Amino acid sequence: MLLITVLGKNERRQIRTIIRHQAEITKALILIPKNEAEELEQPLRSLIGFLNKMSVTFEMLKVSEKLSEGVKEIRDAMLGLGYNGDVLVNLSDGSRMLCLQTILALYSLGINADVEIDEESLGLFNFKLKDVMSEEYINNTP
Numbered sequence: 001m002l003l004i005t006v007l008g009k010n011e012r013r014q015i016r017t018i019i020r021h022q023a024e025i026t027k028a029l030i031l032i033p034k035n036e037a038e039e040l041e042q043p044l045r046s047l048i049g050f051l052n053k054m055s056v057t058f059e060m061l062k063v064s065e066k067l068s069e070g071v072k073e074i075r076d077a078m079l080g081l082g083y084n085g086d087v088l089v090n091l092s093d094g095s096r097m098l099c100l101q102t103i104l105a106l107y108s109l110g111i112n113a114d115v116e117i118d119e120e121s122l123g124l125f126n127f128k129l130k131d132v133m134s135e136e137y138i139n140n141t142p
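So that you can map any letter, position 35 of the sequence shown is 35 in the numbering used here, and since no number is skipped, the others follow by simple counting.
All the given hints hold, so there is nothing to weed out.
Each computed DSS-like pair below joins lysine-lysine, with the alpha-carbon atoms no more than 25 angstroms apart:
{"hint": "1", "residue 1": "Lys62", "residue 2": "Lys27"}
{"hint": "2", "residue 1": "Lys9", "residue 2": "Lys66"}
{"hint": "3", "residue 1": "Lys27", "residue 2": "Lys53"}
{"hint": "4", "residue 1": "Lys72", "residue 2": "Lys128"}
Ranges of calculated distance between the beta carbons of each label pair, as one might list FRET restraints:
{"hint": "5", "residue 1": "Leu109", "residue 2": "Leu44", "range": "20 to 30 angstroms"}
{"hint": "6", "residue 1": "Arg75", "residue 2": "Asn35", "range": "16 to 26 angstroms"}
{"hint": "7", "residue 1": "Glu59", "residue 2": "Arg96", "range": "20 to 30 angstroms"}
Hint data in this document are derived by calculation from the structure and do not stem from the laboratory. Note that the structure is predicted; figures quoted are calculated from it, not measured. Backbone N, C-alpha and C fix where the C-beta goes; we use that ideal spot for every residue, glycine too.
Sequences and hints are given; from them, build the entire structure.
Here you go:
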């Protein structure tokens, strides 16, 4: 399973996701906003250390804050990975724009990802991306 995660100022929620799905996750794509790269160095180091400890390979992508550019960058990264297995997306942290760009990129590729949002005070929310995609779109996506 490929984990796509949007990193914010705290890596706790990403680590909880990795622990919950540790037997399934084989690769991770860490997304961070280009304009926040410096302030996210500490949580990024911590997350990378944890991924290494769990023997999960990863790639990191610094994403443009411009909507269409960011969607294209994420899309291109997904196509470059050539991954065709299960995808889990963690949108528990990070910028709202980057979360939106991630959803739009996956939607545009027709990827039926499992989406997970760990809201500390409200609990864990899960849904399949296809639940918000039309059947017509899913059936006509190459």
